[in-house]
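With the hints in hand, could you dock these two chains into one complex?
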Amino acid sequence: MIEIRFHGRGGQGAVTAAQILAKAAFYDGKFCQAFPFFGVERRGAPVMAFTRIDDKKITLRCQIYNPDYVVVQDSSLLESVNVVDGLKKDGAVIINTVKDDLNLGFKTYTIDATGIALDVLGVPIVNTAMVGAFAGVTKLVTIESVKKAILETFKGKLGEKNAKAAEVAYNEMLKKYG
Amino acid sequence: MCEVKVITGTSAAAEAAKLADVDVIAAYPITPQTTCVEKLAEFVANGELDAEYIKVESEHSAMSACIGAAATGARTFTATASQGLALMHEMLFIASGMRLPIVMMVANRALSAPINIWNDQQDSIAERDSGWIQIYVEDNQETLDSIIQAYKIAENEDVLLPVMVCLDGFILTHTVEPVTIPKAERVRDFLGVYEPKHAYLDPDRPITQGPVGVPDCYMETRKQVEEAMERAKKVIKEVNEEFSERFKRKYGNGLVEAYNLDKADTVLVAMGSVCGTIKYVIDELKKEGKEVGLLRIRTFRPFPKEDIKEFLKDANNIAVLDKNISLGFNKGALGIEMASILKNKKVCNYIVGLGGRDITIDNIKSIINHVEKAEDDETVWVGLKE
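In order, the protein sequences belong to chains A and B.
So the mapping is simple: the working numbering equals the position in the first sequence, first residue as 1, plus 60.
So the mapping is simple: the working numbering equals the position in the second sequence, first residue as 1, plus 424.
Bound conformation, chain B alone (with noise of 0.2 Å):
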């Protein structure tokens, strides 16, 4: 019998790290980081996990030894958030580069300035071209599974890039409810024993990795990471068909959830727990007669354009939620994807929840009217003061 407990996104994401085994573990453990490294610490101290557990002086040398580690071929994780992984920025294109299937969790939360430690997702968005597949979740439940899952994914010979599994920011972090921990050995089971086959460091077998790349190959190298985020696609499926064989939960296709679509004429297009809220007001909604639809985007990169079109052919109404605003050009970056790929019909973009601003049952019923009645492509700003 697996057991259920109530925790938090951040004990969720900890419990993750530890059923995946993993045997390095590099984290700066100051502010904006989350209590989630403190609960690795914890287990590593009294013995419940076996990893080698690295205390840096920043999330810059966090990532640099993760690097490191994964290099080595052993299976690494790191927490982060905001300012963090802003400081990471550099070492994340290493990361992916390097092909190494590092795991990080991604508290989603402001930057600065002004200082703000609340929720919004432009931290993560902001590393959206740094070659990591960037994992979406609803609730600390699919915290703990996707990390599961990402190693999953990030170990495929067909993929060998690095995750981030991006959980909301206090909403999840701070929130306890119920979360299913499955038995040890059956993740164990899933996920394998990660031995690299190709590049790995080895005293006995010298080689070097990230080395130069002249213009005469970058361009290749590039390339590749491009083809292996498209491979990505087809592997984040199947991992999810698996874990849903073995475990019983099932997060929509992979890539992307439908929900109650089939007769919606309005859908709301959304990353991260904000869906959850969307599905409470969609079903408030079909009891007075009314229908609306959600497609929530589960991972940003890749980018399930083919997917979403599928879905999205009988929609009319188009409304984008962002927690990210990309300045200078009024948009939020999945408002700025989404009309890129459906370009006959009409997309409104909806900038919400900066900065930790509540995203109320309010502001979603307001979105849906707003969307229903604009004649054309819009962008609003949604709940700021006058």
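Chain A with its partners taken away, still in its complex shape (with noise of 0.2 Å):
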């Protein structure tokens, strides 16, 4: 089972990220699982959402303390937030930042989700484009089931837009990383 916790901020859509690498999963043929963190959300106040995905049924319901991969939507929350809180020793970070020398004592991959975001949907909402980082990073996920999910959960052009930031996104992981 591989676990997954998003960090960001109220409004950022850290659990509609969450919920569509999920449905992405599920249209791979595997079994998944996504829930917000358990708190009081308020717009801007620092967020989490989590993920599980699976070969078989899940049916664990407690909380994800020790993930495999953590995904920051928001580069600013390192100054308030431990983001790799129980993260697995051998686990990843994929965080949207313009740095591109983050050491954040984890294996690290960057990446500009807020130019890429401004760029093709014209506002600087992350969310789709570092579910597209994570399938051009780890492989998980097809970027195939991963703009399903994204047409899915977002109508008409929003919904292309959004499937866009996120191959856009994938694309540039797979030339930076392989």
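Keep in mind the hints are simulated off the structure, nothing from the lab.
Please note that a few of the clues may not be correct.
What the hints assert, rightly or not - With the Cβ distance kept under 8 Å, some of the chain B side facing chain A (calculated, not the full set):
id: 1; residue: Val430
id: 2; residue: Pro602
id: 3; residue: Ile785
Claimed, not checked - Which stretches of chain A does chain B cover? Using the computed rule of at least three CB atoms under 8 Å from a CB of chain B, they are:
id: 4; segment: 88-97
id: 5; segment: 112-121
C-beta: ideal position from N, C-alpha, C; glycine also.
Here it is as structure tokens:
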């Protein structure tokens, strides 16, 4: 079972990102589960969301304490949140930042998702680009399934643009990390 | 072919009400309500569900409207949680006393004070004696399936009692996972059309429902509800069987579900989504060569005494988990029931997960260790801070 934790700020769509990833895994023929951190959500405040992916039915219902991957949607969170808390020793961080040399003490993959979002969507909402980046780094889900899940979540033009953002991020990660 | 969607527990509940083709929905949309009723409002607004949607000013009114609608013979649905269910309290007894087959989704959430919107099962447990059948589900699929089954159980001539389908707040209501949605016509086929045969309101045949029950007859009406509860045990099992034949999904024998009981001397007894975590721990321990079992109680009312005694006859260490507490007795509701029917066994009671406290893998392991070492019945509050 693979466990993923998303860090974002209220209103940035971290919960939606966790759900899109779960749906993508499902379209790839896997079992999945996604849930928000059961807190009091406020716009702008740090929030978390979680995804579990497995080859068999997932019955585990507790929160995720030792994730395999951490996805950070906003690098300003590093000032207030220990995003690598409990991360498995061989786990990895995928973070939205313009810096290339970020060292968080774990394998770290960086992407300028805000740049991609502004370019493709015209707004700095990075959740779909970060799911695309996750797929590019981990290959745990296919980009086709990610796009399908996005098109199902957002209807019409909005869906198409978000699917594009995910694809751009996916390709960038492939180019950068192979 | 049926469709599989990755959805929340509340969406699964709304899909189930749509599949059951309910006639009337009455609900109050403010906290602690869930998005179940929003989803249903959407179904009605876009024409996917042909139902009367009554927006009311409180949960007390929601249940009152359901009672009125059900008394005319309409298939009715509502949903609520915690304080909302508490506000319905008075009307719950009227629904069961009038023998109305209303089905309600309860998102299990803690009761105030302190204000807490998170999960435990105190809200529905507090309505234990209201005459409602209570089904506690483990996952989102079971939420959908149980709401469909609930109409078949409630509308059965031998039962005619309301049913609450209880799913853990947040842990199921806000979690997405794959849920198989059966075809509408297959559900219609399974449920049939609800046609009340006896007392129902009809302008052409005026009657009074729920009138005064003087001391000369009140006791008999209560006894009739008790007898209907007893008959419901058989009906719940039959509905579970028929459902499994048609839809290929089964929940134990309908009343309880046994998991790895055969070789286990230590058995955990619990209700709701925590059973999923327990199954995970049991599978892990099995790999290490240790056998632990689970008896999941699916219906708290009617309480499956006979099945529990039979399934636990060989177990010696029984750990009962409760997401509720009977203050002043220092036991949870399930712990109290279990101790009363298993008089010659060691039954320890574990109070867990109140107000959304996470129940971890380590918590479950510590419970197993504790019950195996305990010399006598004990109550332990698990995961308390020092």
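- Item | Enumerated hints in conflict with the structure, sorted upward | Result: no hint breaks.
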